[in-house]
Amino acid sequence: MTTIAELPPGFADKVLSAQSTFRSVMDAMARPGSVQRIVPMAGTAGPMMRGTAAIALTLFDHDTPLWLDAGMSESADVLKWLKFHTGAPVVQDSSIAAFALIGDGAALPSLERFALGTNEYPDRSTTLIVQVDSLDAGRSFELRGPGINGVATLQASIKPLDLFERLRMNEALFPRGIDVVLVADDAVVAIPRTTRVVNKGS
Amino acid sequence: MNAPAYNFAYLDEQTKRMIRRAILKAIAIPGYQVPFASREMPMPYGWGTGGVQVTAAILGPADVLKVIDQGSDDTTNAISIRKFFAKTAGVATTTATDEATVIQTRHRIPETALHANQVLVYQVPIPEPLRFLEPRETETRRMHALAEYGLMHVKLYEDIARFGHIATAYAYPVKVNARYVMDPSPTPKFDNPKMDNSPALQLFGAGREKRIYAIPPYTKVVSLDFEDHPFEPYRFNAPCALCGAENSYLDEIVTDDKGSRMFVCSDTDYCEGRQAAGHHGSLSAAPYKEKAPSHG
Numbered sequence: 022m023t024t025i026a027e028l029p030p031g032f033a034d035k036v037l038s039a040q041s042t043f044r045s046v047m048d049a050m051a052r053p054g055s056v057q058r059i060v061p062m063a064g065t066a067g068p069m070m071r072g073t074a075a076i077a078l079t080l081f082d083h084d085t086p087l088w089l090d091a092g093m094s095e096s097a098d099v100l101k102w103l104k105f106h107t108g109a110p111v112v113q114d115s116s117i118a119a120f121a122l123i124g125d126g127a128a129l130p131s132l133e134r135f136a137l138g139t140n141e142y143p144d145r146s147t148t149l150i151v152q153v154d155s156l157d158a159g160r161s162f163e164l165r166g167p168g169i170n171g172v173a174t175l176q177a178s179i180k181p182l183d184l185f186e187r188l189r190m191n192e193a194l195f196p197r198g199i200d201v202v203l204v205a206d207d208a209v210v211a212i213p214r215t216t217r218v219v220n221k222g223s
Numbered sequence: 008m009n010a011p012a013y014n015f016a017y018l019d020e021q022t023k024r025m026i027r028r029a030i031l032k033a034i035a036i037p038g039y040q041v042p043f044a045s046r047e048m049p050m051p052y053g054w055g056t057g058g059v060q061v062t063a064a065i066l067g068p069a070d071v072l073k074v075i076d077q078g079s080d081d082t083t084n085a086i087s088i089r090k091f092f093a094k095t096a097g098v099a100t101t102t103a104t105d106e107a108t109v110i111q112t113r114h115r116i117p118e119t120a121l122h123a124n125q126v127l128v129y130q131v132p133i134p135e136p137l138r139f140l141e142p143r144e145t146e147t148r149r150m151h152a153l154a155e156y157g158l159m160h161v162k163l164y165e166d167i168a169r170f171g172h173i174a175t176a177y178a179y180p181v182k183v184n185a186r187y188v189m190d191p192s193p194t195p196k197f198d199n200p201k202m203d204n205s206p207a208l209q210l211f212g213a214g215r216e217k218r219i220y221a222i223p224p225y226t227k228v229v230s231l232d233f234e235d236h237p238f239e240p241y242r243f244n245a246p247c248a249l250c251g252a253e254n255s256y257l258d259e260i261v262t263d264d265k266g267s268r269m270f271v272c273s274d275t276d277y278c279e280g281r282q283a284a285g286h287h288g289s290l291s292a293a294p295y296k297e298k299a300p301s302h303g
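Same order as they appear, the protein sequences are chains A and B.
Take any residue in the first sequence, note its place counting from 1, add 21, and you have its number in our numbering.
Take any residue in the second sequence, note its place counting from 1, add 7, and you have its number in our numbering.
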């Protein structure tokens, strides 16, 4: 049983750490496929990676319902840490979540179960934060879309293996859709709903 | 006495989180206006409260801030916003376009080409391009949802029917990433082509109307037009009277009550840079010379 005093800490400097983390995430979202680094570090709980913890401290609060996958929600440490540091309500219904924390991508539920937004309010969608094994080694993916000058190449080891096939639904849904932030330790790559995977090698 | 203490960059952290989430959504859906809970700022609406909130949410201690108002670094609005952030965030400020990492602008895009490490933040008065055609928010929202933009083309057509050409000279509507029609804020249409495929991220903040929208880098931005009336950027047919530039956007300055006028670059930093590099226009002052000391 962890008491509040034993919880892993948040940012040492809340204000500037959140700003620096946000700029990394913003740059990642604005330039899909580019690997951005999260510099400020906070304590992490359970299966959370350093980058995930920093993003949580930067973007989550009482206005953002959270959905956690099994690995995250089974960890009492994660629940306590999120509750103490962010105050974000954890919800069981993934279709009303503003963010979803996916510790183990292999168990990612069907994307239709998350909020996709509406045609009038496409912004009311769930942003997935998916922890992956690596964002600098593995299969290579070629990405196109806004934010990319021609083609961007991403080398990553991602679960689920068919993540990009599943994200192809964004094409037909647009402007509705799912935005994904991939995290591997302190590395972050964003795949907004406008990004298309055009080719992938081995 | 306690000195008034503000959080870094004025806004509280909860507000910044809310704005940051809106910015991420805006980037993910290029051209879509994301509603946000705009705060009251210590300046009146119309002075750039939307742009200021966006800038406050992204600004960090390592940033170098430039603020322009109609291309000028030296007007009241630009100076007061620049000082506001110098005071509340302690950031370095500059007037040189290529040294800035964050540029907040009211209605101009700098003449100097932007680069990938820059963010351009626009102050927007009316974010909804369809608002003057359809006053009801419920209707314009439906029109965006259905990508039903016929009304905008009718408006441009009426320009042609009345004036023989598309007379819209500023806030000229654009289509972003082949989906959303967007108001580029009241920039002169001369600047529209600079939005297309820009290496810099472009963020738009409307404080009174509570909307944030964005154009990611390298995104297609097309000015609406017709095959037989293609989009044409407008520029006074004259060189800058101070630096001689032939391709910059010009301000017309009336110099007396007899109809005399001069044209000068609206972008003051660009104009000063050119003058410093030795370019001269028809009305440049002669270089100042020390008088030879008189002996006698």
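Think of the hints as simulated: they come from the structure by calculation, not from any bench.
Note that beta-carbon positions come from the ideal geometry of N, C-alpha and C, so glycine has one too.
Take these hints with a grain of salt, some might be off.
What the hints assert, rightly or not - Chain A residues, not near chain B, derived (Cβ > 12 Å throughout): (1) Pro53; (2) Pro68; (3) Lys101; (4) Val112; (5) Gly126; (6) Leu129; (7) Asn191; (8) Asp200; (9) Asp206.
As the list claims (entries may be wrong) - Derived BS3-like pairs: lysine-lysine, alpha-carbon spacing no greater than 27 Å straight-line: (10) Lys90(B) x Lys217(B); (11) Lys182(B) x Lys162(B); (12) Lys35(A) x Lys298(B); (13) Lys182(B) x Lys35(A); (14) Lys217(B) x Lys94(B); (15) Lys94(B) x Lys162(B).
Problem set entry | Indices of hints not satisfied (ascending) | Hints 1, 7, 8, 12, 13, 15 not satisfied by this model.
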